[in-house]
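Asker: So the chains spell out like this:
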Amino acid sequence: MNENSNNYVNNDDNVIELLINGKITPVEAIIFFREIERHKNSVVKKANDEEQLEDIMMELDELIGLDKVKQLVKELQAFVSIQKKRQEENLLTEPQVLHMIFKGNPGTGKTTVARILGKMFKAMKILQKGHTVEVERADLVGEYIGHTAQKTREQIKRAIGGILFIDEAYSLARGGEKDFGKEAIDTLVKAMEDYKENLVVILAGYKDEMEWFLQANPGLRSRFPIRMEFNDYTIEELMQIAKKMVEKRQYQFSLDAILKFEKLLINNKNGPHYDKMGNARMVRNMIEKAIRRQAVRLVNQKKITRDDLLYIKSEDIAEVDEI
Amino acid sequence: MKKCIIIGKTNVGKTAFFINFAEYLGIKTFELEKKFPDGIEEYAKLSSRAAFAALVDEKYHKTKNIQSIVVTVPIGKGKKKIQLIDTAGLTDDIHPEIDVRKAISQTLSIIRESELILHILDASAAEKKELPSAFGMVDYQVAQFAQLKRGYVILANKIDLPDSSYGLKKIKQEFSGNLIIPISALNKTGFKEVKTFVIHNL
Ligand SMILES: Nc1nc2c(ncn2[C@@H]2O[C@H](COP(=O)(O)OP(=O)(O)O)[C@@H](O)[C@H]2O)c(=O)[nH]1
Ligand SMILES: [Mg+2]
Numbered sequence: 001m002n003e004n005s006n007n008y009v010n011n012d013d014n015v016i017e018l019l020i021n022g023k024i025t026p027v028e029a030i031i032f033f034r035e036i037e038r039h040k041n042s043v044v045k046k047a048n049d050e051e052q053l054e055d056i057m058m059e060l061d062e063l064i065g066l067d068k069v070k071q072l073v074k075e076l077q078a079f080v081s082i083q084k085k086r087q088e089e090n091l092l093t094e095p096q097v098l099h100m101i102f103k104g105n106p107g108t109g110k111t112t113v114a115r116i117l118g119k120m121f122k123a124m125k126i127l128q129k130g131h132t133v134e135v136e137r138a139d140l141v142g143e144y145i146g147h148t149a150q151k152t153r154e155q156i157k158r159a160i161g162g163i164l165f166i167d168e169a170y171s172l173a174r175g176g177e178k179d180f181g182k183e184a185i186d187t188l189v190k191a192m193e194d195y196k197e198n199l200v201v202i203l204a205g206y207k208d209e210m211e212w213f214l215q216a217n218p219g220l221r222s223r224f225p226i227r228m229e230f231n232d233y234t235i236e237e238l239m240q241i242a243k244k245m246v247e248k249r250q251y252q253f254s255l256d257a258i259l260k261f262e263k264l265l266i267n268n269k270n271g272p273h274y275d276k277m278g279n280a281r282m283v284r285n286m287i288e289k290a291i292r293r294q295a296v297r298l299v300n301q302k303k304i305t306r307d308d309l310l311y312i313k314s315e316d317i318a319e320v321d322e323i
Numbered sequence: 001m002k003k004c005i006i007i008g009k010t011n012v013g014k015t016a017f018f019i020n021f022a023e024y025l026g027i028k029t030f031e032l033e034k035k036f037p038d039g040i041e042e043y044a045k046l047s048s049r050a051a052f053a054a055l056v057d058e059k060y061h062k063t064k065n066i067q068s069i070v071v072t073v074p075i076g077k078g079k080k081k082i083q084l085i086d087t088a089g090l091t092d093d094i095h096p097e098i099d100v101r102k103a104i105s106q107t108l109s110i111i112r113e114s115e116l117i118l119h120i121l122d123a124s125a126a127e128k129k130e131l132p133s134a135f136g137m138v139d140y141q142v143a144q145f146a147q148l149k150r151g152y153v154i155l156a157n158k159i160d161l162p163d164s165s166y167g168l169k170k171i172k173q174e175f176s177g178n179l180i181i182p183i184s185a186l187n188k189t190g191f192k193e194v195k196t197f198v199i200h201n202l
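Protein sequence lines correspond, in order, to chains A and B. Our numbering puts the first residue of the first sequence at 1, with every later residue one more than the last. Our numbering puts the first residue of the second sequence at 1, with every later residue one more than the last.
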């Protein structure tokens, strides 16, 4: 439709005038009215989507740390939106393969970012629903021949319209050639073809393991062209995360609690299992434990003030040994 | 006050329905407010009999203005006032008379501001395509347009006439997906259903 014909019908008075002057039939007038109405609605809807996208990008910005990931997500957002605009103008577009590999230790924000990406793609109309389905090896791999394909397909079905997030994906290649994990990968690759337009798959796991996994399955490299690396949080970032988590639950750290918390984090970081149970996951576990310990400390106290309920003290903070 | 507009092609029985339905809702004296396309307003007070005699006509395009009356309907324990509006008949094609064209454009503007749309079709004229009241393009377009609104119903009128059962079937086919109530504006049949529809959509 060209500019002129748009101007022609873009206002009710125009239509009425044409109708009175006998230039158009009542039938045409109603069609014009409908067009105008539809246009109005679509403008409102577009504004909504844009607002939503803004909110989602803000949510991303508010995540602590993750500078490189944020940068990448923004580039991705820009790329996809420009490709979309080019497509609308019938210009050549780059093929859009949005499947990704997330590398990083547990608790470094991979799932959080995946969820934000889902919402972002929905607001951009790349995905219909934008939800995230989180699975791991046990959800995909079955016990006998054929079982795996069936289980995998089930999870894929749940994820259609959104993101299938496979945590510790490298474990699918763990057992070698005879393992059913391979069947899961094959089923997955086929589904990615079948639902090209409406499914994004993210494979996540430790950096080294994921690199090994890709080497063992060279065919996957080109199918997962987007790579994001999630670095460990610094102690400073972890403390910011802790503060946010505590406040979200309507608690406060006392000053000595902060110091103790930080000390424990530093100890943990230098410990042998940091890659498995460090980062934000560690922070969350420590906070949850502190909240329980505060409750135990207060429950037998005779008089409990509001401040008592609010503050987490240093004695409430303790190491967590198991996750 | 919510607007309930009666629309349809000429001679389908809009004015007959307007007067008889108002009477059915308890109106005895008609305090009519007439609005002409050029902006002039007129008020008239008359009995329903007189109103019927003066306004309903087999002549085409008898009504060239919008005439409305305030009626009350029961809502829960209380009552609610609505403005019932009779309009000039629509045509498929460009009408040669400017007055009729003006009246039609007035009708179309009002459709857009109304919460309730009662769209009348002449069920007895389905086979008589030559009659101006036979439903046509403009009716299909109105139906498509009005579907965007919640309070839209098609009233298949003149079911007291012998030819109407075929017409009713045809209407149900061609306007499927819409709420369709068979009525006779003359005999006041189907009015209970129309009243229920109005109350439910206020
Ligand atoms: N048999 C029959 N005739 C009707 C009915 N409703 C209206 N008419 C007749 O149809 C003609 C046009 O009616 P009118 O209300 O003026 O139509 P309008 O142009 O849509 O307002 C008149 O001769 C009415 O008597 C009905 O339910 N049954
Ligand atoms: Mg009339």
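Rather than coming from a laboratory, the hints here were simulated on the basis of the structure. Computed from a predicted structure; not experimentally measured. Any given hint might turn out to be false.
As the list claims (entries may be wrong) - Subject to a maximum C-alpha distance of 25 Å in a straight line, what follows is the list of computed BS3-like cross-link-like pairs (lysine-lysine):
no.: 1; chain 1: B; residue 1: K59; chain 2: B; residue 2: K34
no.: 2; chain 1: B; residue 1: K3; chain 2: B; residue 2: K128
no.: 3; chain 1: A; residue 1: K46; chain 2: A; residue 2: K125
no.: 4; chain 1: A; residue 1: K248; chain 2: A; residue 2: K289
no.: 5; chain 1: B; residue 1: K169; chain 2: A; residue 2: K40
no.: 6; chain 1: B; residue 1: K149; chain 2: A; residue 2: K45
no.: 7; chain 1: B; residue 1: K81; chain 2: B; residue 2: K188
no.: 8; chain 1: A; residue 1: K45; chain 2: A; residue 2: K23
no.: 9; chain 1: A; residue 1: K74; chain 2: A; residue 2: K85
no.: 10; chain 1: B; residue 1: K170; chain 2: A; residue 2: K23
no.: 11; chain 1: B; residue 1: K80; chain 2: A; residue 2: K40
no.: 12; chain 1: A; residue 1: K289; chain 2: A; residue 2: K244
no.: 13; chain 1: A; residue 1: K23; chain 2: B; residue 2: K81
no.: 14; chain 1: A; residue 1: K244; chain 2: A; residue 2: K70
no.: 15; chain 1: A; residue 1: K289; chain 2: A; residue 2: K68
no.: 16; chain 1: B; residue 1: K45; chain 2: B; residue 2: K62
no.: 17; chain 1: B; residue 1: K59; chain 2: B; residue 2: K2
no.: 18; chain 1: B; residue 1: K172; chain 2: B; residue 2: K79
no.: 19; chain 1: A; residue 1: K157; chain 2: A; residue 2: K129
no.: 20; chain 1: B; residue 1: K2; chain 2: B; residue 2: K149
no.: 21; chain 1: B; residue 1: K2; chain 2: A; residue 2: K40
no.: 22; chain 1: A; residue 1: K23; chain 2: B; residue 2: K2
no.: 23; chain 1: A; residue 1: K46; chain 2: B; residue 2: K149
no.: 24; chain 1: A; residue 1: K84; chain 2: A; residue 2: K74
Asker: Mind listing which of the numbered hints don't hold for this structure, in increasing order?
Answerer: Of the numbered hints, 2, 5, 8, 10, 11, 13, 15, 17, 18 and 22 do not hold.
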